[in-house]
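Given the structure of chain A, go ahead and fit chain B onto it with the hints provided.
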Amino acid sequence: MQTAVLFKTVSRHYGEVRAVDRVDLDVRAGEFFAMLGPSGSGKTTSLRLIAGFEQPTAGHIEIFGETAEGVPPYRRNVNTVFQDYALFPHMSVRDNVAYGLMIAGMGRRERHAKAEEALEMVRLPGYGDRRPSALSGGQRQRVALARALVNRPKVLLLDEPLGALDLKLREQMQEELKGLQRSLGITFIFVTHDQGEALSMADRVAVFSEGRIQQVGTPQDVYERPDTPFVADFVGSSNVLPPDLVRELTGLAVPASLRPEALRLVSGAEAASDPDASRLTATVTGLSYTGAVTRVQLGVRDLALSALIPAGQPVPRGGEQVGLSWDPASLHLMEAAR
Amino acid sequence: MSVQLATQPAILERRPGLLARFSDTLWRRPSVLLLVLLGPPVAWLGIIYLGSLLALLVQSFFSIDEFSGMIQYEWTLKTYGELLNPVNLDIIARTVLMAAVVTIAAVLVAFPVAFFAARYASGRWKAVFYLGVMLPLWSSYLVKVYAWKLILAKEGILTWGLSKLGLMPLLDLVLAIPVIGGNSLSVSYIGTFLVFLYVWLPFMILPMQAAMERVPVSLLEASADQGADPSQTLRHVLLPLALPGIVAGSLFTFSLTLGDYIIPQIVGSSRLFLGQAVYAHQGTAGNIPLAAALTVVPVVIMGFYLWGAKRVGAFDAL
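As you go down the protein sequences, you meet chains A and B in turn. Quick note on numbering: the first sequence equals residues 1 to 338 in this note's numbering. Quick note on numbering: the second sequence equals residues 1001 to 1318 in this note's numbering.
Here chain A stands alone, though its shape is the one from the complex:
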């Protein structure tokens, strides 16, 4: 399959700070790719390197096989949906959407028709005459999307585009973005710190930490088979068991990931009658009810773990002693921290 964006040991340093540090990346043409990580992990800088707003300190970047370093943003057939939308306040919505076409020299009538088409695509038909300031956050987001897509870029970059939207709107936009990506066939590269968003939308996810990529894989890969403790913890807040505890359980001295939903709580009475029913003893230190599930905080020796109990099932009381059990297959062994 063709490569859309290629990073070869790309670094971007600001003095001592290594925003992006020797990153290798291979985004395939036509895929929905997510860059996931906490703030300061290098994901946004990587996006800006692709857009051309930043130049690499070292390394090589290709966009559809062509060398990209040293090429200014305005010569890249790549468009960005900015985090703050960056709509031009002195132009109407129509002129905003048609801006790139005007710059490209397209006639007024034609570019206005294209802009209206793009506005229809993001379900804002007839909004062309308004000013961006007269739109809601969700509508501005759609205009920014239309402005980026109207140029039919080779790659569409999205910088935390859903961050400012409320939950309902965010879920709706996730669906729409996925639909648009599928119907247009454009490569989408999406930066987010929300692991749920990355898992639900992306074909593949790259998990960033401290300027480096921890793991690249399908959502199932990074969620179920994390390579490192960081990935296990960041993607879905898994329980990371330290090597010495894992050695007691399995004989291997490596860290392991154990999903909160894989943990089963065994009551004290049940554990007493059947010693094999429980693998570890824990104290319930806290409970938080979130609707569909209740998250149980557990203290195991000096370790803090969490378990999820689906609604409707019995919930232990705080301070209660419980046993923990799990399917051995759900204990995922990892290599030591990178």
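Sample of chain A residues at the chain B side, in silico, Cβ under 10 Å: (1) 48; (2) 52; (3) 75; (4) 91; (5) 99; (6) 101; (7) 103.
Simulated from the structure, these hints should not be mistaken for lab results. This structure is a prediction, so every number in the text was calculated from the model and none was measured. Positions of the beta carbon are idealized from the N, C-alpha and C atoms, including for glycine.
Structure of chain B alone, referenced to chain A:
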């Protein structure tokens, strides 16, 4: 902690004193606060400033008796008619042209400085910028103008420097230009222009810098992202968004040039500018009505200027 909480009332007693009572009143009635804050300055502006402007306007509708030199307190448009005689029209045209040229040059010179300060300067460089722009304002205006006269004079440092560089023919060429040239820079319109430009430049840089600082970087990036090269971004995004600042700065440079009577008197040819004419008529000539009418001219011009700026959408981005 809990004991203390229990003894605290839900609503606190008002603190003793008239001031506390006044504070409560102001909080309940924001309009009173507005009155207290705005009253004195508005009264000052209204009575002292607008009042004297009105008195001026009234004066301009009187006339002077040519034989006795006495002011005739009868309503007439005769004085305004005098504005149209060739001598006065010449003065008005000269001043407006100078103000326009100074303003355009100030925009061109101020733009890169303001852009650098708004986009790239931070911390120490920002301090250097503000100091560099404001420092000239701290010294006396007269001192600066006389310093410029020395710089531009035939025996001055500029002539000396140019002769050392072997560039005298260039200076002679410039001075040989009819109308704006002259014997030396200090007695030419070019000299007057240079001094005006220098003295008013801070008034252009500061509002432009403030306007450009308000343009988010992401808008410039979005423009580049959409394929616009830097000159297109300048034309379609940065300039329109910085326009209110440019107009604000040009209001300063334009009106200050229209009204100034000291710079053209010290540096330049002996031909009069509006401010000098006003000065001469209200002083030695004692023709207060004509001085008043001449003063109305820049007020009217600035009115049209603002109206025109609004018409072309200079304030749309505000």
